[in-house]
Amino acid sequence: MPELTRERLGALRVQAKELLAADRREVLVCAGTGCIAGGSLKIYDYLKSECEKRGLKTRVALRHEGGDDAIHFKKSGCHGFCEMGPLLQIEPEGFLYTHVKLEDCDEIIERTILGGEAVERLLYELNGVRYAKHNEIPFYAKQQRVVLENCGTTDAEDIDEYLAHDGYAAFEKALFEMSDEDICREILDSGLRGRGGAGFPAGRKWDSVRRQPKGKKYVVCNGDEGDPGAFMDRSIMEGNPHSVLEGMMIAGVATGASEGYIYVRAEYPLAVKRLQTAIEKAEAAGLLGDDIMGSGFNFHMHINRGAGAFVCGEGSALTASIEGKRGMPRVKPPRTVDQGLWGKPTVLNNVETFANVPGIIRQGAGWYRGIGTDASSGTKTFALTGNVMNTGLVEVPMGTTLREVIFDIGGGIPDGKKFKAVQIGGPSGGCLTEAHLDVPMDFDSLKKLGAIIGSGGLVVMDEDTCMVEVARFFMHFTRNESCGKCTPCREGTKRMLETLERIIANEGTMEDLDLLEALSDTITDTALCGLGQTACKPVMSTLQNFRQDYLRHVVDRHCPICNGRKRRLEIKPDLCKGCGKCARNCPMDAISGQLRMPYTIDNEKCIHCGACWGACPFGAIDAIEEE
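Just so you know, the sequence shown maps onto residues -4 to 622 in my numbering.
Just so you know, not all the hints are guaranteed correct.
[Stated by the list, open to error] Derived CB-CB ranges, DEER-like:
no.	residue 1	residue 2	range
1	Ala136	Lys211	42 to 52 Å
2	Leu570	Glu47	49 to 59 Å
3	Arg300	Glu112	42 to 52 Å
If you are wondering where the hints come from, they were derived from the structure by calculation, not from laboratory data.
Just so it is clear, CB atoms sit at the ideal spot from N, CA and C, and this is done for glycine as well.
Could you put together the complete structure from these sequences and hints?
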């Protein structure tokens, strides 16, 4: 390949756009983790091979042989509509097929790929209305996709497709047309705040590193994503990995950093694979390496696999883990921007934050400011799970209300049940009530309610949920994930869990409620890192907003949800794909099985916390009431 220059990059981008525009027929098979578990790759292979058997020309990449009239088969990133997977989208008609099975493929070829007609029974149906086109479905129509824009529409492993969508144009602009100060100012003016949970202004962090004396600096991306039920960052890394690389490269130009590290949990093998592929193709194209496009700028990218410790989502613990040390937080100062990775100034943001950067640089701070609210600009991705009709991945402008996400996009509560609560922000977040449904979801509004956006987990609960059990689930998770370095978190979470278990067993007292509040205050004020400082939010928010649930256990000694009727959980073998997600999310180790085989639930261990319901992308878990 000829040496990459700015002019050649521009020519490659134009050529990619022309090739994409020339596509006559595209078949996009969702190749996100959830749909793969449901058999989407088998569907992809069958459709492609069967078309070839029929003498039809096919291709799998923009520059692949086949010609403009060939059928372009794509393994896309996550479409987000996980409840309906496996998903298949066909262009140019825009048909979106749901719950696709191998036995549907021949009909899809005959009627749609060859005939241009929709297979009606595979279309999404709501209240008697069938929606043929993907963008007409309420789940999608009410979203505004920025970081997820390319996730369900492009081949995640094809760099040419990324170029066809103005890929690396922002990096080119930052490299040749902007000073380091200009870049930091643009990010600051955009109002972009860190999407990892804290909401710190990204431009201010970058500028702090930029101002450090010249020398070795690093850019680190936090792709650890340890919150139960969260999969936003995973989907971006799987479906649009080049956007993450480009955002990090722009941060490198802005701060003078020459190396980037992406910290990904090892439980995300597909994300690791697609990131590695993206890095290799960027290197082959001349977009990564030394003296990029003759600019004198050097940037090298590395992937570091984490072992799944939740505490490694904290900045200093994460950098320690990359260095080969035990992932434990340290006392601050010094901050990461001063002494981060290997003691050098470091920019550390999460996946979604970096994925927002190319659009800001390309379209300007004003464009980004026009989305969301004054204090919280842009969009936010959420993993919508729990007792809601449409589970999946959504992206909406900051300031969108919980009601809009849960009822307009999520379709409301199934089986005619009443909404009771939503847990937002993962183990560091709080539980909100029906009274909070119309509160705008932004950093500052939620903070006032004792909750946080966090990384973006949204767990919806219906009337059959005991909030004491919810508090116990999250405290169990936090207790297990505490690194043990500081006494308040190590011992305090243990005592709080013991107290919650006593209350659940109807053996608690009113003094136990006072004890929970006192322990929460102490841990919050004295814990070393953010994990401990926010660990008590689920308990405090449930005590404040759902105190009646505690009083039923403590005063009445009888909870109608926990004790009034017996429920056993069953995993339907015909629907279970053996992905193991339910087992990984179970706090009581009550679920067992082998990968790709139906799992089972031990109801003697099960506490009916709902974690498995929210985790299962296939609706395979059923709650059966017993007399």
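> Any hints this thing doesn't respect? Which numbers, in order?
Replying inline: Violated: hint 2 alone.
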